[in-house]
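Enquirer: Sequence:
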Amino acid sequence: MSMFCFQCEQTAQGKGCTMRGVCGKQDTTANLQDQIVQTAKEIGFYNNELRKVGKKDSDADRQTLDFLFATVTNVDFDDVRLMEILGKAKETAARLKKESGTTLNAKEQIPVSLRREFFGEDVASLQELLTYGIKGTAAYAHHALVLGKEADEIYAFFAKALATLAVGQATVDEWVGLNMECGMVNLKAMELLDAGHTEHFGHPVPTPVRINPKKGKAILISGHDLLDLEELLKQTEGKGINVYTHGEMLPAHGYPVLKKYSHLVGNYGGAWQDQHKEFTAFPGPILMTTNCIQNPKGYENRIFTTGCVAWPGVKHIADRQSGGAKDFSPVIEAALAENGFDADGDDKTILVGFGHNAVLNVADKVVGAVKAGRVKHFFLIGGCDGAKSGRNYYTEFAEKVPKDCVILTLACGKYRFNKMEFGDIDGIPRLLDIGQCNDAYSAIQIAVALAKAFETDVNGLPLSMILSWYEQKEVCIMLTLLALGIKNIKLGPSLPAFVSPTVLNVLVEKFQIAPISTPDADLKAICG
Numbered sequence: 000m001s002m003f004c005f006q007c008e009q010t011a012q013g014k015g016c017t018m019r020g021v022c023g024k025q026d027t028t029a030n031l032q033d034q035i036v037q038t039a040k041e042i043g044f045y046n047n048e049l050r051k052v053g054k055k056d057s058d059a060d061r062q063t064l065d066f067l068f069a070t071v072t073n074v075d076f077d078d079v080r081l082m083e084i085l086g087k088a089k090e091t092a093a094r095l096k097k098e099s100g101t102t103l104n105a106k107e108q109i110p111v112s113l114r115r116e117f118f119g120e121d122v123a124s125l126q127e128l129l130t131y132g133i134k135g136t137a138a139y140a141h142h143a144l145v146l147g148k149e150a151d152e153i154y155a156f157f158a159k160a161l162a163t164l165a166v167g168q169a170t171v172d173e174w175v176g177l178n179m180e181c182g183m184v185n186l187k188a189m190e191l192l193d194a195g196h197t198e199h200f201g202h203p204v205p206t207p208v209r210i211n212p213k214k215g216k217a218i219l220i221s222g223h224d225l226l227d228l229e230e231l232l233k234q235t236e237g238k239g240i241n242v243y244t245h246g247e248m249l250p251a252h253g254y255p256v257l258k259k260y261s262h263l264v265g266n267y268g269g270a271w272q273d274q275h276k277e278f279t280a281f282p283g284p285i286l287m288t289t290n291c292i293q294n295p296k297g298y299e300n301r302i303f304t305t306g307c308v309a310w311p312g313v314k315h316i317a318d319r320q321s322g323g324a325k326d327f328s329p330v331i332e333a334a335l336a337e338n339g340f341d342a343d344g345d346d347k348t349i350l351v352g353f354g355h356n357a358v359l360n361v362a363d364k365v366v367g368a369v370k371a372g373r374v375k376h377f378f379l380i381g382g383c384d385g386a387k388s389g390r391n392y393y394t395e396f397a398e399k400v401p402k403d404c405v406i407l408t409l410a411c412g413k414y415r416f417n418k419m420e421f422g423d424i425d426g427i428p429r430l431l432d433i434g435q436c437n438d439a440y441s442a443i444q445i446a447v448a449l450a451k452a453f454e455t456d457v458n459g460l461p462l463s464m465i466l467s468w469y470e471q472k473e474v475c476i477m478l479t480l481l482a483l484g485i486k487n488i489k490l491g492p493s494l495p496a497f498v499s500p501t502v503l504n505v506l507v508e509k510f511q512i513a514p515i516s517t518p519d520a521d522l523k524a525i526c527g
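In numbering that gives the first Met the number 0, the protein residues as written are 0 to 527.
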C-alpha cells in the first residue's frame with residue numbers, strides 16, 4: 000500500500016512522504032487519516048445543507064473537531080483507534096445525509112495525491128492550504144470546547160468550507176476568500192481558548208520556572224491540555240510525587256490556579272523532537288495530552304496517552320464521563336513504582352507568564368522605552384520546532400538580536416533559545432515568553448495595543464515576525480496573520496510543499512511574506 004502526505008514541514012525531500020511518514024506514520028495510518036478527512040468533508044456538506052434550512056446538529060459540529068484533530072501531524076498513530084474514529088465519522092455522515100435528503104456525488108471526493116492533476120496545481124494548493132488551516136483551527140476549537148467554550152460561527156464556517164472542499168467547485172478568488180475567512184475564524188477559536196484558559200486558571204503572571212530536577216518521585220506531562228494538568232495535580236497532591244511540564248505545557252507555570260500546587264516543581268527537557276532522548280532518561284511515567292508524540296520504543300511501558308493522542312500498544316487514559324475528571328491513577332501508580340530522581344539538580348530558572356494581560360499592564364513603560372529610544376525594535380521569534388536541519392537559524396537569530404531590542408516568543412520554537420541570558424532594558428526583560436502556539440492571540444492583542452498607542456497599524460510598528468512552522472496549527476496561525484493584513488513575515492526553515500509557486504508569488508506580492516535566509520542578512524534587512 001502507498002501513501003501521499005505533504006502536510007508537515009519535514010515531509011520527505013520537501014515534496015511528500017510516499018512510503019512511510021518521516022513522522023513515523025505508517026501507510027495504513029496515513030490512508031485511514033485521509034479517509035477520515037474525506038468523511039469530515041462529507042459531514043460538512045450535509046451539515047451545510049441542513050444549516051441552509053435552519054437546522055443545526057451540535058453533535059456533528061463537535062464530532063467534526065475530534066475527527067479533524069485526530070489527523071493533525073503527530074497526534075494519532077494507532078490504526079485501531081483511527082478505524083473507530085472513521086466508523087463514527089461514517090455513521091455521522093450517513094445520519095446527516097438521511098436528515099438532509101441530499102446526496103454528495105462520490106466521484107467529487109478526490110484523494111490528495113490526485114488533486115493537483117484533477118483541479119490544477121494552484122487550485123489544489125489553495126484547497127490543501129484551506130484543509131490544513133481548518134485542521135489547525137479544529138485543534139484550537141477542540142481545546143476551547145474542553146473548557147466549555149464554543150461558538151456557532153466556527154461550526155458554521157467549518158460546514159461551509161468542508162462542503163466547498165467536498166464538492167471542489169469554486170473560483171480561485173473564492174478559495175482565497177475561504178482561506179482568509181479561515182484565518183479570522185481561527186482568531187475567534189484562539190480568543191475562545193484564551194478566555195477558557197484565563198477564566199479557569201487566571202491570567203498568566205511572570206513566573207520563574209525551575210529547569211533542573213528535584214529529588215523524588217516524578218511524573219512528566221506534555222502537550223497543550225491545561226485541564227489535564229490540573230486534574231493530575233489534584234490527584235497527585237499529598238502523594239510525594241513531583242510533577243514536571245514538558246514542551247508546550249511549560250506556560251502552565253504562569254497561571255495562578257496551577258502555580259499554587261507546590262508539587263508542580265518545574266519543566267523538564269525541551270521541544271518535542273528531542274523527546275526520545277529525554278523521555279528515555281526521565282525516571283518516571285510520561286503523560287501525553289495532545290499532539291507531538293514520537294515512537295516510545297524503550298519506555299513504552301511507562302508512557303500514557305489521553306484525549307486525541309494515541310500510539311499503538313500505549314496505555315490510554317479514558318475521556319471524562321458526565322462532567323467528571325479523568326482517572327490518572329495508572330499514571331500515579333507507575334510513578335510510585337519508579338525510582339524518581341535521586342538528587343537535586345542546580346537551581347536554575349527561566350521566566351514565563353508574559354500573556355497579553357501581563358504585558359499590557361506595563362504597556363506605558365514599554366511605550367515610554369520605545370519613545371525614549373531605549374527599545375529600538377521588537378522581534379516575535381517563535382512557532383513550532385522540528386527535527387529538520389536549518390532550525391539553528393532561530394537560535395543564531397535570537398543571539399544576534401541587538402541589545403536594544405526585545406524578543407517575544409511563543410510555542411515550542413522558544414526552546415531554541417529560551418535558556419539563554421538576554422538581560423533586560425529598564426526592567427523590561429529582553430525575552431518575553433508569551434505562551435503556547437495558540438497564545439499567538441496574546442501576541443496579536445499586544446501588537447494591536449502598541450499600534451494604538453503609537454497611532455499606527457501593526458505594520459507600522461517596529462515589529463518583525465520571524466516564524467517557524469511544522470504542522471497545521473502553524474498553518475492556521477499564518478492564515479490569521481495574513482487575514483489581519485500583517486506583512487513582511489519571515490517564514491522557515493522551508494516553505495510548505497503544498498503551496499504552489501503561483502500561490503506563493505501571490506503571498507509574496509500581497510503580504511511580502513518571505514523565506515528566512517541567514518540571521519545576518521535578515522537582521523541587516525530589518526535593522527539596516
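Honestly, the hints are just simulated from the structure, not real lab data.
Hints should not be assumed to be uniformly reliable.
Mimicking DSBU-like on lysine-lysine, the simulated pairs with C-alpha atoms at most 35 Å apart in a straight line are [stated by the list, open to error]:
| id | residue 1 | residue 2 |
| --- | --- | --- |
| 1 | Lys148 | Lys97 |
| 2 | Lys258 | Lys159 |
| 3 | Lys14 | Lys375 |
| 4 | Lys89 | Lys314 |
| 5 | Lys375 | Lys402 |
| 6 | Lys89 | Lys51 |
Enquirer: The structure should be examined with respect to each hint, and the outcome stated for every one.
Expert: Hint check:
Distance hint between Lys148 and Lys97 is fulfilled; the C-alpha atoms sit about 29 Å from each other, no more than 35 Å. Between Lys258 and Lys159 the CA atoms are separated by roughly 41 Å; this puts the pair beyond 35 Å, and the hint is violated. With a C-alpha separation of about 40 Å, the suggested pair Lys14 and Lys375 falls outside the 35 Å cut-off, and the hint is violated. Note on Lys89 and Lys314: the hinted pairing holds, with a Cα-Cα distance of about 26 Å set against a maximum of 35 Å.
For the hint pairing Lys375 with Lys402, the CA-to-CA distance comes to about 9 Å; that is within 35 Å, so the pair holds. At most 35 Å may separate the alpha-carbon atoms for a hinted pair to count; Lys89 and Lys51 meet this at roughly 22 Å.
Comparing the model with each numbered hint stated earlier shows that hints 2 and 3 do not hold.
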